[in-house]
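Asks: Those letters in the sequence shown? Residues 1 to 305, by this note's numbering.
To be clear, the hints were calculated from the coordinates, so they are not data collected in a lab. All C-beta atoms, glycine included, are put in the ideal place defined by N, C-alpha and C. There could be a bad hint or two in this list.
Here are the simulated distance ranges between beta carbons [unchecked claim]:
#1 Q200 with E271: 27 to 35 Å
#2 R293 with D96: 51 to 59 Å
#3 E271 with Q74: 14 to 22 Å
#4 R217 with D70: 24 to 32 Å
#5 E250 with Q66: 28 to 36 Å
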Amino acid sequence: MRWRRALVALVLVTLATAAGAALARSAGDPGRQDPVRAVSAGLRCPACQGESVAESRSPIAAAMRQVVADQLAQGRDGTEIRRWFVQRYGADVLTDPPARGVRLVLWGVPVLALLAGGYAALRTLRPGVARTGCAPTGSAAPGIPDARGARRAWRVASVGVVALVASVAIVADRLDPPARPAPADPVAVALQLAHDLETQDRYDAAAQMYQEALRDRPDDGVRLRLAFALLRAGDSAAAQRTARDVLAREPDSPDGLLVLGLAQRNSRSVEADDTLRRFLAVAPAHPAAAEIRRLLATGREPAGP
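Generate coordinates for the entire structure from the input sequences, incorporating the hints supplied.
Replies: This is the structure in structure tokens:
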């Protein structure tokens with residue numbers, strides 16, 4: 001009987017070792033990878049289908065990789081950076097969101113069954129204490145189950161539970177595909193990234209994100225934010241074109257007139273003061289109105305839109 005117990009133990013140890021090795025391979029060794037790529041591989045590209053931020057060549061993915069690089073340079077680790085993205089865009093931004101729903105049950109129930117079955121099997125298969133009396137050969141005492149049959153049943157049950165756990169571990173991801181969340185809204189991600197880049201005075205990169213947002217959402221509000229970013233980046237010509245695009249549809253847009261007048265002033269256009277006076281006439285209570293009045297009165301450069 002000892003060789004049978006040894007065989008069962010060997011099977012269990014082999015399965016456990018294989019599972020551990022698979023987990024180790026899937027986790028990988030982050031220290032051997034490029035740290036930016038290691039973190040970016042755990043983020044989904046909102047503008048792509050089935051690509052991570054590390055794989056995608058889209059401008060949004062490039063901006064997200066730059067954010068990862070900036071935060072790594074600030075001393076944050078991968079967990080903190082992923083948490084930062086989740087706080088802004090939700091758990092859907094992760095390539096492997098936390099298990100939930102049916103998938104969570106599929107992982108939890110077999111583990112509990114394995115633990116319970118293993119405990120019961122150990123109690124049943126443990127060598128019994130010496131008996132003072134025996135039943136006649138070939139028969140069992142009334143009310144007492146046959147020991148060999150019990151051991152055989154527990155062996156079969158143990159192998160079945162192990163097989164169940166192994167099967168669930170292999171197919172769990174395939175059994176719950178409908179519950180996989182959709183990618184985060186690429187426009188919302190682009191706008192949030194643009195705002196974050198503006199707070200870092202990286203206006204060229206912010207303008208690129210606004211342009212990405214405009215591709216999917218042609219909105220004059222986004223165009224005005226793009227025009228301001230271009231103005232701050234020093235591209236007065238592009239800022240004027242964008243502002244004129246808005247004013248063509250809404251001639252009295254206060255922000256459109258403001259950015260156009262400032263962009264004209266930066267390019268030394270003779271139309272600049274007239275445009276800014278028109279801005280004041282249209283929106284005398286605008287937050288920037290006082291600064292523009294001082295600018296027109298003194299002729300000095302504006303503090304910034």
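Asks: Just pull the numbers of the violated hints for me, sorted ascending.
Replies: 3
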